[in-house]
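Asker: Sequence:
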Amino acid sequence: MTEFSDLGLSPTTLQAVADTGYTTATPIQAQAIPVALAGQDVLGIAQTGTGKTAAFTLPMVDRLASGRAKARMPRALVIAPTRELADQVAASFEKYAKGTKLSWALLIGGVSFGDQEKKLDRGVDVLIATPGRLLDHFERGKLLMTGVQMMVVDEADRMLDMGFIPDIERIFKLTPPKKQTLFFSATMPPEITRLTKQFLRDPVRIEVARPATTNANITQRLVKVPSSDPKAKRLALRALIEKAGIETGIVFCNRKTEVDIVAKSLKVHGFDAAPIHGDLDQTQRMKTLADFRSGALKILVASDVAARGLDIPAVSHVFNYDVPHHADDYVHRIGRTGRAGRTGEAYMLVTPSDDKGFDKVIKLIGSTPEEEKLDLDYSNAVTVKREGDRDRKRGGRDRGDREERGGRGRRGRSEDAAETPAEVAADAPEALEERPARERRPRRDREPREPRTVAPAPIEAEPRAARPERPERPVRGVQPVRDRDDDDRRVVGFGADIPAFLARPTPGVAKANTDN
DNA sequence: AAAAAAC
844 MTEFSDLGLS PTTLQAVADT GYTTATPIQA QAIPVALAGQ DVLGIAQTGT
894 GKTAAFTLPM VDRLASGRAK ARMPRALVIA PTRELADQVA ASFEKYAKGT
944 KLSWALLIGG VSFGDQEKKL DRGVDVLIAT PGRLLDHFER GKLLMTGVQM
994 MVVDEADRML DMGFIPDIER IFKLTPPKKQ TLFFSATMPP EITRLTKQFL
1044 RDPVRIEVAR PATTNANITQ RLVKVPSSDP KAKRLALRAL IEKAGIETGI
1094 VFCNRKTEVD IVAKSLKVHG FDAAPIHGDL DQTQRMKTLA DFRSGALKIL
1144 VASDVAARGL DIPAVSHVFN YDVPHHADDY VHRIGRTGRA GRTGEAYMLV
1194 TPSDDKGFDK VIKLIGSTPE EEKLDLDYSN AVTVKREGDR DRKRGGRDRG
1244 DREERGGRGR RGRSEDAAET PAEVAADAPE ALEERPARER RPRRDREPRE
1294 PRTVAPAPIE AEPRAARPER PERPVRGVQP VRDRDDDDRR VVGFGADIPA
1344 FLARPTPGVA KANTDN
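To get our numbering, take the position in the first sequence, counting from 1, and add 843.
Derived by calculation from the structure, the hints in this document are not laboratory data.
Hints may be right or wrong, so weigh each one.
Claimed, not checked - Derived lysine-lysine pairs resembling DSS-like cross-links, with alpha carbons at most 25 Å apart:
1) K1110 with K1141
2) K985 with K944
3) K1199 with K1067
4) K1203 with K1216
5) K962 with K1040
6) K1130 with K962
On a predicted model such as this, the values are computed, not experimentally measured, just so you know.
Build out the structure end to end from the sequences listed, making use of the hints.
Answerer: Spelled out as structure tokens, the structure:
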């Protein structure tokens, strides 16, 4: 057992840790913190739930505490694959940087640029970002990465899955080669290995045991649903939730559309449920998560955006409404319960058409979970009723082969009929119709990157001498540096007064700002 | 076969 006090952290940082109530470091923390404090690169191979976030946040806070931020020049960068994950890292900074003057900003998509830009202009020590928004700020000339001394890449293998590797490479190239990098990944596929070989400098490799695929605290059960009709599955889900006596639960679906439908259906049936997935408004996503964390919301209906990495404490139940596409996802999903010594229950609804995915899950976990019998009458669920039909907005979706529905066959989207007005409301997925069709970005890891043409030229030619810590004589347009103590967050560098040459758009920059 | 991430 390693105590935090044995790791070489400063008294201020240790106090912040003590305030959170933690005393014992996890294995990844015990191994990574001393290495990181010594300024070495870290290659951390660790799953979520191993205490990874604190493993890089704590040494970062410690190492940065003595310096100060310059306008638009962060000293440290944390890149995370999803917005929620980035938000979580930010929460970690909020806790651990409490006793310092360090500032941080969260740069994620889905929220306005205004506040983020304001913070960048004022100068922040640490940027916590998703790749897209970070590069967006860079292209707008709002950000220089030439002052980055520390960089963290979190969940690298997930970034690979999401096609972010070219972005990560680009960010690496925009930061000075001589910086400290802390790189985390749960697995090491070849592309990730290549990346670490290219950008890490003699890293210390720290590998913590992959947590058992099935945590002993989790009771797994499966529920056989005799029909693949979504209506039957929803019926089973409701019965299950009632029977299970949940405190808090997450219902995982494979598709965003299904998340919406299931959440709506549960709400209509009087359950305290809300959806979360990547097409929902970001403020909504954050609010739903906050409600769920605080206990104000009991049931979270989620896509796999919530399967990994999210720190959601004390979930008593996980329901796999759909058998996950990847068996790995099953492990991540049920890992949302049974954490920190608590017990948890995980259920999986299995329909006749799920056999393939189901087999993969069984193979991975090595045994077949016990079956939970619900003793339900599914006949309503598979009977096609017509009453509600005229009230439903179909949004141009094809109703097609209605007649041949015996209730057993495979169908496309949930087109099931409903038996009550409430069901109609639950089943009419207006949300789907209102959702703007998303333009998918092409996966860029397949294409060669375009040469960068719109880099903010003046920023590139960042003259070191033009940003003296203490200029002998005042330079026009440059804020004289004052003593740090007479002001809590004085920005050093250009501050709000940007010299005219910097403010002048270069053709490239102007193009970047006006393009679409 | 789907989710995630920039306007």
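Asker: The structure should be examined with respect to each hint, and the outcome stated for every one.
Answerer: Against the structure, the hints:
Distance restraint check for K1110 and K1141: the Cα-Cα separation of roughly 11 Å lies within the 25 Å cut-off, and the hinted pair is therefore satisfied. Distance restraint check for K985 and K944: the Cα-Cα separation of roughly 22 Å lies within the 25 Å cut-off, and the hinted pair is therefore satisfied. Restraint check for K1199 and K1067: the C-alpha separation of about 14 Å stays at or below 25 Å, so the hint holds. As the CA atoms of K1203 and K1216 are separated by approximately 22 Å, the hinted pair is consistent with the 25 Å bound.
For the hint linking K962 to K1040, the alpha-carbon distance of about 34 Å lies beyond 25 Å, and the restraint is violated. For the hint pairing K1130 with K962, the CA-to-CA distance comes to about 22 Å; that is within 25 Å, so the pair holds.
Consistency with the previously given hints fails for number 5 only.
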